[in-house]
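Colleague: Chains as they are written, first to last, in the working numbering: chain A, 11 to 130; chain B, 517 to 733; chain C, 0 to 528.
These aren't lab readings, by the way, just hints derived from the structure by calculation.
None of the values given here were measured: they were computed from a predicted structure.
Have a look at the derived ranges for each label pair, beta carbon to beta carbon: (1) A:THR18 to B:THR534: 21 to 31 Å; (2) B:ALA686 to C:TRP20: 28 to 38 Å; (3) B:ASP523 to C:GLY523: 31 to 41 Å; (4) A:THR77 to B:GLY526: 29 to 39 Å; (5) B:MET531 to C:TRP18: 19 to 29 Å; (6) A:LEU78 to B:GLY698: 30 to 40 Å; (7) A:ALA98 to B:GLY646: 30 to 40 Å; (8) A:PHE102 to C:ALA232: 14 to 24 Å; (9) B:GLY698 to C:TRP18: 27 to 37 Å; (10) C:TRP468 to A:PHE102: 44 to 54 Å; (11) B:LYS611 to C:ALA326: 49 to 59 Å; (12) A:VAL52 to B:GLY646: 27 to 37 Å; (13) C:TRP20 to B:MET531: 14 to 24 Å; (14) B:GLU645 to C:ASP66: 38 to 48 Å.
Every residue, glycine too, gets a C-beta built ideally from N, C-alpha and C.
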Amino acid sequence: MAGNGNHTTSLNTYLKVYGALLVLTVLTVWIAQFHFGALNTVIAMFIATIKVLVVMYWFMHLNHDTTLNKVVIGSAFFFVFVFFGFIAIDVFSRHNFSTTELSKPQPVQQQTTEEAPKAE
Amino acid sequence: MSTARIDEQGNKVYMQYTDASQQDATGKHGVWLFLVTEVMMFSGLFVAYAIFKSIYPEIFYEGHKFLDWRMGALNTVVLLSSSLTMALSIYYVQKGKNAVAMGHLAFTLLCGAAFMVIKYFEYTHKIHEGLTPGHFFTYANGETANLALYFGIYYCMTGLHGIHVLTGMALIAWVMYRLKKGEFSPTQYTAVEGVGLFWHLVDLIWIYLFPLLYLVS
Amino acid sequence: MGHAHVEGSNYLNHEKGLWSWLTTLDHKRIGILYFISVMFFFLIGGLFALLIRLELMEPGQQYISADFYNQVMTLHGSIMVFMVIIPGIPAFLGNFFLPIMIGAKDVAFPKLNLLSWYCLICGAGIAVSALFAGGIDTGWTFYTPYSIKTSTAVIVFVLGAFVMGFSSILTGLNFIATTHKLRAPGMTMNRMPLFVWALYSTAIIQVLATPVLAITLLLLVAERALGIGFFDASLGGDPVLFQHFFWFYSHPAVYIMILPALGVISELIAAFSRKTIFGYTAIAYSSVAIAAVSFFVWGHHMFVSGQSELAGAIFSGITMLVGVPTAIKLFNWVATMYKGSIRLDSPMLYAIGFMFLFTIGGVTGVMLATMAIDVHLHDTYFVVAHFHYVMVGGTLMAIMGGIYYWFPKMFGYMYSETLARLSWVFIFMGFNITFFPQFILGTQGMPRRYHDYIPEYAWLNKVSTFGSWFIFAGFVIGLISIILAFRKKEKAPMNPWGAKTLEWTIQSPPIHDNFEKIPTVNGGPYEYR
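Isolated chain A, as found in the complex (with noise of 0.2 Å):
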């Protein structure tokens, strides 16, 4: 027992649970084939967080738990959030590098590290 009664998901709700999980998967796989641009990356990012917000809601007991519980793995994706936007901040207003030299067909080439020059 959790802690928490005797609540237990049926059978028949994880079954189905499982079904739409696959076909999140499938649907994810299909749109991939078209070309939407950046929404891509969005547009799967999305459907992938209904399949966690899903694992999490049923296979993870989310349904049957406390709110504690859920607030702190919340919290988890927020900080999440905080990391990468601060970030995505900083490189995007950046606007001095250059991504077409290093984007350019090119053999590649191998870099190898060089010692520190030694200070004295």
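Following the hints, position chains B and C against chain A.
Modeller: For chains B and C alone, coordinates are given in the frame of chain A:
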């Protein structure tokens, strides 16, 4: 040593807890807190992915073509199935059907192994092609100059995830062993739930990894 | 379930022998294990500090080469950060008193608690072994590209830090679960001592931030070993990204360092003013607020790193916010002392010293948060002075105050008040003599992490070094006061200070189970009048 007592239902309750119910709820809470640390740790890799993909979209497009989306999709189905059987094993423990639960745990373990086998084939194929991380990258026919960066991300993300799959498998084996010894009952099975939560997290990470690495357009 | 305990039995003599200590699950014993370890690491880190100051006493090279200096300053910083200040209060005083203060018999996960100590010890061992494999000279911040290219033992050292990170994570996880689930009947969140609120807020940071350090260190190892190219510009990576990753942890980490200290001071001010703390709710929630806001400001360490001006401006603005909850605490302490019945016992001297020194450290922090000023002061001794004021003038003073406050409870003995006060005088004076000149040196342009400087900086450097000897003397006197207390064995009463939190209602030293019977709590923690 931390002392424990056996309560009326035969549950082992440690001395800092008033009853088994409080103990179980705390254990579960602790596992969720641990999952927070895992999410934060993986977030570093996802953030690195997002930043580098925005800066070098061509590298990511070219890199993903070396990945077989069918193997990735298969692995996704494998892990989703393992999540189902993991959840069902808990369901059967709750119902007191330990033998059926054991079978489901075994299947979950098998799925984990299948995932690693598929991963093994993917990795060996790439290594054979010279698509190896960092200094060791020897693939010479790349269109983009810095294809190695994509594979650095690929190996770091799938590698760390793979380590967690193996860890999860070990935890499932441990829980199977305890189940066999009769340590779980419909009123006390927190360890199975805890391991289940960890295993689902492994699935969650893959749910994000699959489209990001395999389905780039 | 209580059982009549043998007269004179306590957690110290509950079981005997080294093995019983190394396998203990008792949070009090684990706290003591941390106390001993942290004291030992502090001694090592302190010796490195003295060596730094010795070399910097005069311009030019006197005792150590530039390369060796870089190693010494890196080790001083890394040891103090990872092995002293981060575990210092939570894992020692927190472990000992958090369960007792909420009326619990132990933490939620005693085995994880013991594991956390082993993580610290093993991680420290791995890190120290780096000394024999080439050492480390990158500064405690391990910035790329130098940390990728240097021939010192970065991988070994950083793996040691990785393992030590788990110590912090496990402590934090334990404290959150304990605070949420194991409070005694009647102990609502709003009746918990402020030290517990502080530890709880710290624990939230430990759980959320430390894993990001973990992945950062792993990626640095991969960068060095494999050349994956995330942080190496020559491979298409971004060194500033490393700094983002590093400081996402390390800024909240400095709040791991100070929040528990702020909690200790709240306890001391209330007890030694014999007055209910002013603004309990404000102080409690300000701890949580500081923990939350600490995650939005890390870029103020990166104003001149290559980060965009926009990002810098945003980080600068939000950083101003974090001073507010901190100031609220300070005002509330002063309000608590007003018309209080103040006793200037040594714990209170440390608390008052903290208020003065931490204020200086805090306002100089706001100065550095101002991007336009920081552009000039970044990487100068102004920054060094700022963080020593908050970490030494702040956290270390709080640890000392906490040790003297709770020493009678932990060990059942009283210490010499004379020696404790003498120790305080030396530490307080020595600290100001060492570090105040460094503010001036910084504004005059003296760079940090350099083994040498121009002759114009000589006089203030000499003063600073003299100060460091006073600090050393102060800690030696403090150590003597503790050792003598164990030798004299002058028994301490159950509540020498007349304080009101739960730990003062149990015997000194506490019994193994803390309480004969779990108390039922009917009121707040500071009901003096």
